[in-house]
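Asker: With these hints in hand, go ahead and build the complete structure from the sequences.
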Amino acid sequence: EAKLSVAGNEFTLAVVSGLGNARRVLDRIRSGEAHYDLVEVMACPGGCVGGAGQPVFSDPVVRRQRTKGLYENDRMLELHKSQDNPYITELYDTVLGDVGSHKAHELLHTSYRTRKRILDEDVSISSGDEKSLDISVCFGTSCFLKGSQKLLHDILGHIRSKGLNARVNVNASFCFEKCDKGPTIKVGSRTIEGCTIEKAIEAMKREGVALAEEVRQNV
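Just so you know, the numbering used here puts 96 at position 90 of the sequence shown, and the rest follows in order with no gaps.
Just so you know, these hints were derived from the structure itself, not from any lab.
Computed from a predicted model, the values in this text were never measured in an experiment.
There's no promise every hint is true.
The calculated BS3-like cross-link candidates involving lysine-lysine, where the alpha carbons are at most 27 Å apart (straight line), are [stated by the list, open to error]:
| id | residue 1 | residue 2 |
| --- | --- | --- |
| 1 | Lys-192 | Lys-205 |
| 2 | Lys-205 | Lys-137 |
| 3 | Lys-156 | Lys-187 |
Answerer: Below, the structure written as structure tokens:
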């Protein structure tokens, strides 16, 4: 939380990390317990470091290393704020005019709409061979809050420990449209609601993915 005075007016600001904390802040606002003029919600699944568009990884150590690298790189930069950038100042002076002008709004602002899927594509987390079993774990907001991140971690751990990497493709999906029944995964053609690691392992066995040692015994 922070208070900021602008032109004699005091504004109360808040920054919230995670949708769980956002819900608690909204409850405080609705009840009249708190008042904020602006609330920024940061809710990237897994954190903004390592989010969409960045190299995919499942090891939290990598996230910590990347965070450290970002801070170290930032300390070496001459400019830290966009308003201190002379090129931004020149852009407003020559093209955009005043901050918040119609031209700035027209060129810089975007619009928003509901997106249940991201291009209808999954993000590959772990790849096997061409005949592998496909497993997709929903990473939509509702499933994420219900534990899909830990479930994905447990599935990957099971696959590695049993030597099944070549037999299973694991993907992160973005919506199975079963938000009230998560975490939801898809094993082959079968959708599993309220999934646990035990249910996922059982489904893998039903789809014919045996343990590595069982495969070796049958060769």
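Asker: So, against the hints stated earlier in the document, which numbers end up violated here?
Answerer: none
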